[in-house]
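Residue numbers (our numbering), protein chains in the order written: chain A, 1 to 587; chain B, 588 to 1046.
These are calculated hints, taken from the structure and not from any lab test.
There may be inaccurate statements among the hints.
[Unchecked claim] So the derived list for chain A, only partly shown, Cβ under 7 Å to chain B, looks like this:
(1) I4
(2) V8
(3) F235
(4) R340
(5) G344
(6) R422
(7) G477
(8) D552
Glycine included, each C-beta is placed from N, C-alpha and C at the ideal position.
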Amino acid sequence: MAKIGRIVRITGPVVQAEGVAGLEMHELTMVGNEELIGEVVRVEGKMATIQVYEDTAGLKLGEPVKGSGMPLAVELGPGLLQSIFDGIQRPLTVIRDATGDFVKRGVKASALPRDRKWHFVPLKKRGEYVAPGTIIGKVQETPLLEHRILVPPNREGKIEFIAEEGEYTIEDCIAKLSRGEETYELKMYHKWPVRKPRPYIERLEPSEPVITGQRIIDMFFPVAKGGAVSIPGGFGTGKTITSHQLAAWSDCEVIIYIGCGERGNEMTEVLINFPEWKDPRSGRPLMERTVLIANTSNMPVAAREASIYTGVTIAEYFRDMGYNVGVMADSTSRWAEALREISGRLEEMPAEEGYPSYLASRLGEFYERAGKVKSLSGLYGSVTLVGAVSPPGGDFSEPVTVHTKRFVRAFWALDSALASMRHYPAINWLTSYSEYIDYVEKWWNERTNGRWKELRIKALDILKKEDDLKEVIRLVGIESLPETEKLIMETARLLREGFLQQNAYDPVDTYSSPEKQFKLLSAILAFHEISLKAISKGVPVSKISSLPSVTDLAKLRMSVPNEKADEIDRFLDRVQADIKRLAGEGV
Amino acid sequence: MSISVEYRSVQKISGPLIFVEGVTDVGFNELVEVRDAEGGLRRGRVLEINRGVAAVEVFEGTTGLSTTSTSVRFLGKPLTIPLSTEMLGRVFNGLGEPIDGGPAPFTEEYRDVNGLPMNPFSRDYPTQFIQTGISAIDGMDTLVRGQKLPIFSGSGLPHNLLATQIARQATIVGEEVSFAVVFVAMGIKHDEAAFFKRSFEESGALKNSAIFLNLADDPPVERLVTPRSALTLAEYLAFEQDMHVLVILTDMTNYAEALREISAAREEVPSRKGYPGYMYSDLASIYERAGRIKGKKGSITQMPVLTMPNDDITHPIPDLTGYITEGQIVLDRDLHRRGIYPPINILPSLSRLMKDGIGKGKTREDHGPVASQLYSAYARAQELRSLSAIIGEEGLTEKDRAYLRFGDSFERNFLSQGIDENRSLERTLELAWEQLSLLPESELTRIPDRFIKIYYKRS
């Protein structure tokens, strides 16, 4: 039965309709004569309030509002990778073909290509009983990723028919299941509502780090696969570059990048770079494992609210195939602002700074969709969520940052003072933290002779001491410090310039392998020990720091490629010889 | 148009808004004609429709309107402006009507002033270097075609002077085409407007410019439409007429104040400092109308100017702007006090698109490393300045004193230039190396040795 109501109120992206009894919360609706896509956000008697995902200009009172009987859902199947979608999963390429270089409203577009054929390989046989989430076949979607075809989480039964290996479109029936009296046709895709987390068998504790190739993250503030992390920072501190770097270099099998209310040119940058940049592990273009969701700041605000749910639902789908998925949401503050704008139009009672009182619970629900799970298919998969936060005025005490901190377990605080010194990534090592250290310690220790944790504590200690000594130097000058403390300043400088700083635009430095990261950090800390001995023999720090080999130690991050990380050890031998010579020990 | 109904049912007038009762067949955001008791015509826009009541904002203000003698017609279309290339060389009000005494320009087409969002997939990434002739910008925070780079200023700082200097000097090296300039003044004073007009006339830039003026005593609602009218023209010139358009918007602070005023009149829930919660989206709908499109020759480069209230960069207006624009040029009161023009503080300034617009084949291969080294050296010099204020120069090492000398010389010889001085990029980089040569060679850790060999001047 079609539920048709009439528009009685229009205010920005929010519309109220009367006479639509039976509309459900979050039901997808068609608004107005042009059938703009909307979603029900409040129901009172026969009145429904709808947020509209497209521009409402020109919409008139009395135009019809139709319910679809379905919640807002995404299409999940082959064709997701290498796509760029808007906030409600319409491909921007299709929109361009329909309306030209500028986005007009009212475009109906399927998320996945209907005419493209995929090479389907069945993995189950006729007569087998398949439970929800079982993998029944596979498609090599891109050279980087095998797309596993899942029985939808709400279907199960005995296989009456399964297609032979061959070329099929996603609309072709590839299997029939029977359960009791009922039979279902399965296609290579199914739909899933974006606001409902996909089910799994059980949640597991994270145990493996996401290797991002970014030294300060991997060595100091790691995030585990299945973890949640927040990157807050004022403008110009490098949230977007950090998000781009994570999307490019993380060792996840699938990356979902959500440009939520951000700049158009930044999405263009990803679209230009990712097909060219190569995955360091496979040598294939990064785009082959990436899904982009772009709802830029000037696109409709309600679709911005939906975009992060669209993204995380696609991520859960790949997780259910047994993959590790990374989701970068830049920026969750823009999502929260969309929430605030809609809430304001609904005339809800505001809590802090005009944000609705349910901001915290929405954030909590979102970050809880991260996790490492045993999926319905029996395979282990994970969703790692990285949310950028754009605090107004760089003030971390504002509601979005504060509430986000409650739900993430790693916090990479970007610092505008570091950014204005062009120290990138501008992650502040004194205020950032990670609660995943204990989870990933085992993984690292196996690869570093058990030294990872000890090294990071030592390095962070030196950096903390540097910060304390800076206060002293401000009062009395560096010359009046004892030599051991001058050495702390020198080692801290090497740590900052030779380890923590990482140039995203330098072809060598942009990605550091775990081995190179570890060797660089050990070399700088070894320098500290060697120099301590030299000082005790009366060598002044000024002589050590002016050695050319010490100057070059800070440049190893750019001069030594990942595959030649052993050169760092040999370089350290040279530094050691030079310092010993200063101490009059000969070689 | 003739069939549209005339309503005489104004129920309430509040600030710039009128509320009309009993309306039917009215569209959200559509254009409205309001006639006052004397028959004077004003225009407005539908902001909200709630059952039979339409809230209309009146561009010319509500002074003189009453609930009894006002009549209202809804035109069934959004606000459009007439467009043509003949608009160059002319002066308009915020609604695109000529105010320079000349006849209305010939119209080639009409367009909705609100524009449409550019499809991110259609965008082309900006990579072409624009030479402004200003060392601090060209050398340190390079502007590229299709970028939106604002100037963050403060009351009493010479942002107008700088904006006109950029409008005069901006060129693409090796290309003879000059920019068409769309100049948008929002809420500025009469004498400032006169300064701009004179400056454009004297330099001969007026013939390639369209000026949109909304002065401080013009109605604030019109201020909200002014940048949209101007950007609609800019889009027409860039993407229909293949022109490279530089849009200068001054002063965005006045625009944001008008936005707050209207929001308050609508009794909306405010967010920070009384500004509406949608100010980010609203500003983005202006700033994001910069860029390039694949397959089109033209481009829109935006340079918005804003004055930071009380010089506070964390105030919502500069803050939200900085989150949308691709960098910012920050003017500094202390530099200005010391007589340095342009008083650009390079440390908080940034051009996000610089990296793709400079280097080999675009500017010069050493450009990137030189800028990076200047940044870190100047940051160090600033740090040492405050240190030496406490412990005295004697407490500093010889190397530190070299940094102090560098800092002073950098401000006096590199940043500082005349208001008519148009420096080539070669000259800017030559000056940059003169400053860097004040430091010991071993301090230039961000520059590859091969450039040091060529350009470093040993004393």
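Checked hints:
Below 7 Å, beta-carbon pairs count as interface contacts, and I4 of chain A has none with chain B, the closest being about 18 Å; its hint is therefore violated. The closest approach between the C-beta of V8 of chain A and any C-beta of chain B is roughly 5 Å, which is under the 7 Å cut-off, so the hint is satisfied. Satisfaction of the interface hint for F235 of chain A is found here, the shortest Cβ-Cβ separation to chain B being roughly 4 Å, below the 7 Å cut-off. A cut of 7 Å between beta carbons decides the hint on R340 of chain A: the least distance to chain B is about 5 Å, and the hint holds.
Nearest Cβ of chain B to the Cβ of G344 of chain A: about 5 Å, under the 7 Å cut. The hint holds. Annotation: interface hint on R422 of chain A holds; nearest CB of chain B at approximately 5 Å, less than 7 Å. For G477 of chain A, the suggested interface contact is upheld, since its CB lies about 4 Å from the closest CB of chain B, less than 7 Å. The beta carbon of D552 of chain A is not positioned within 7 Å of any beta carbon in chain B (closest approach about 10 Å), and the interface hint is therefore violated.
Comparing the model with each numbered hint stated earlier shows that hints 1, 8 do not hold.
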